[in-house]
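Quick mapping for you: the protein sequence lines, in order, are chains A and B. Position one of the first sequence corresponds to residue 1 (my numbering), numbered consecutively onward. Position one of the second sequence corresponds to residue 1 (my numbering), numbered consecutively onward.
Heads up, a few of these hints could be off.
Where chains are identical, the list cannot tell them apart; a pair therefore holds if satisfied intra-copy or between any two copies.
[Unchecked claim] The calculated lysine-lysine pairs, modelled on DSSO-like cross-linking and capped at a C-alpha distance of 27 Å, are:
hint, residue 1, residue 2
1, Lys195, Lys68
2, Lys226, Lys22
3, Lys94, Lys68
4, Lys311, Lys22
Simulated from the structure, these hints should not be mistaken for laboratory data.
Residue strings, one per chain:
2 protein chains.
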Amino acid sequence: MAETQPHVVILGGGFAGLYAAKTLAKAPVKITLVDRSNHHLFQPLLYQVATAGLSAVDIARPIRLILKKQRNVTVLMAEAERIDPQARRVSLGKAGELSYDRLIVATGATHSYFGNEAWEAHAPGLKTLEDALDIRRRVLLAYERAETEPDPQRRQAYLTFVVIGAGPTGAELAGALSEIAHHTLVSDFRRFDSKQARVLLLEGMDRVLPPYPPELSAKAQRQLEKLNIEVRTGARVTGIDSGGVWVGEERIEARTVIWAAGVAASPLGASLGAPLDRAGRVKVEKDLSLAGHPECQVVGDLTSFEQDGAKVPGVAPAAVQQGEHAARNILRALEGKPSREFRYRDKGSMATLGRKAAVAELGKIHLSGLPAWLAWLMVHIFFLIGFRNRFVVLFEWAWAYLTYQRSARLILHDSPREPPGGPGS
Amino acid sequence: MAETQPHVVILGGGFAGLYAAKTLAKAPVKITLVDRSNHHLFQPLLYQVATAGLSAVDIARPIRLILKKQRNVTVLMAEAERIDPQARRVSLGKAGELSYDRLIVATGATHSYFGNEAWEAHAPGLKTLEDALDIRRRVLLAYERAETEPDPQRRQAYLTFVVIGAGPTGAELAGALSEIAHHTLVSDFRRFDSKQARVLLLEGMDRVLPPYPPELSAKAQRQLEKLNIEVRTGARVTGIDSGGVWVGEERIEARTVIWAAGVAASPLGASLGAPLDRAGRVKVEKDLSLAGHPECQVVGDLTSFEQDGAKVPGVAPAAVQQGEHAARNILRALEGKPSREFRYRDKGSMATLGRKAAVAELGKIHLSGLPAWLAWLMVHIFFLIGFRNRFVVLFEWAWAYLTYQRSARLILHDSPREPPGGPGS
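Bound conformation, chain A alone:
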């Protein structure tokens, strides 16, 4: 490896970071990609892992496996703790330091509790595989506890599931939770009927799926209600504890609450010294670079980028486009050309709600119900990374469709793990 090649450091192996690395496959650069987990995650299907429809392995793949053949990339499993744009250095904590010539920051976002951080313990969010497995464990354990709980009122609290936030993730989660209650678990329990379970979807705004056109929001709400979900719009959550949720003055007793209401940017963005928006996202120049630091670009969910008066949304296609764009700007710089402005091409968006229930906005074409669901299915299979994954997920879905079963119904780590070095399990 010629040491004269410029060193490109990419922080984050999500959609933005991974596609940036791939775009530089043939470039005369040395790339180091850093991620704190060992896998790239197909986040659009994460709710399926949380609701036991898919296994972790179906939607995740080791980053170094994806990039195995790209010999100009070194993958490090480490956490970037601080960036020093002046010195062009990234601190990786115990794993040392990296100097860079070019930097792409793509460390994404996590959930935000809008200042109520104490809620997190009772209402986990859904961003990582660990989050998904945690939610799955809570949901399945709630049914198990209901079977051993003699008191009817306490049992009903175990059988009440509240999803806070009716964006695409919240709506998808609610749909899957309802299917679990009304199909998957029917006849599994002897002391109660799983159809007693209630699924509530709470939204602070006046309609579900707020980023969608109002007409599709209305259609989505009707589909959700048909799936036995209690949809409440204009519902402001004022408290969450281990026993339930407060909506204004009303108390909802529920042992399982899931947070799908807000995101905050990765705290790494703050160390760049650039202006941040309210969600902590980094405001960038039109070419995705940091003001005063053309060698540093910020992409994906961490980026605050305005176009035609609106923010580019934090969705996978935007992350892919930004990652590729940043990489192409590096290629242009190598050739002595100026960088180009980024422009987001919105190819549409879709959300699934349940079997044969979905909405899709594809430019001027608005779909709902079965056609939207089929479109969703095809797009999500197509973009899954790896033939094996595509095949297995297709098989799992066909199997689930025919049998109403969810194969990944395993409760793991009921009790908290001992710290390493402590007594084992």
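Please arrange chain B on chain A, whose structure you already have, making use of the hints.
Same frame as chain A, but now just chain B:
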């Protein structure tokens, strides 16, 4: 449900407990099956989950799903804490108490460190899905740490894997670890060659696979050595710490150590008040019942049962046979007939070591190499519970065979989880 039906309580949903419940499917009894986890586990393939070849979901299935249609069974996810044979009661801790007319105790075994319990933290054993995921995480993390470790000696310690105990589980684990080093991870790392990894298999006795005939042990050792495993027999481990293993006076620097050397019976057996053998297993009468308590039978790995001067081994076929036998004794008692003595029918045993490497003892027929491997493959696919699992595992194996890939290479829960109620992730 007529309250006059006798109540059969089964503790444990492993092979013994599950087959006992199934044998009573049409009996006029009310059954309660209690297990502390929600799934039945196909333990013979657990090493594949530990070595990232299979996912947890491929070899585990919810007990209540398996027994969904058997309406005389109630499944409780709870832990049996104590049995009172005089009062015929089982205490389930927070989940209450159960009274029984007939009891089948099938809570199995766990690892034993022969009094060196401090070793457990550094050398986990392999009995549960959680154990398997813990070992997988340690193995994969060791390679990740090696990639960020600049010191060659410390790096080699990350790349040294020690398996203690060369019974079937230890030999299978060593074989899979070697395949990971010499095939799966080749070209994945940039700072070292995965073939630098060493896999050591330590056995205190004078040959590997001690329960097998000496001739097959010799063949197994040759196959293991061909797979680049350093086999050491007569190796007595005298110490284990976070940095390695002591064998007599020799120090082996290794960051990953796996314990496959000994089992101890579930502590629940002690509360029965019956004599125990050295491993804590309950000594039973010839009909598997507790002396003086014909209504209580002990089956599976928890049982100490001698036949023709030898102990019945703690293997899946013995557990299945004992579970079915205990259930049939209950059926006979319902008809007023005396119980029958148990007799183990040994149909043979087999252990796989790597691709096309295995040994099998089928009565007088001894196989090794490819024929043994094919026999192993067929038997293990055939006995997997559920069509979906069989299909998916077959697909995973074919895929792994062709590509040398192990699809389940995900590192989850790097840091220990917060206790429930504490701050979330």
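Numbered hints the structure breaks, given as an ascending list | 2
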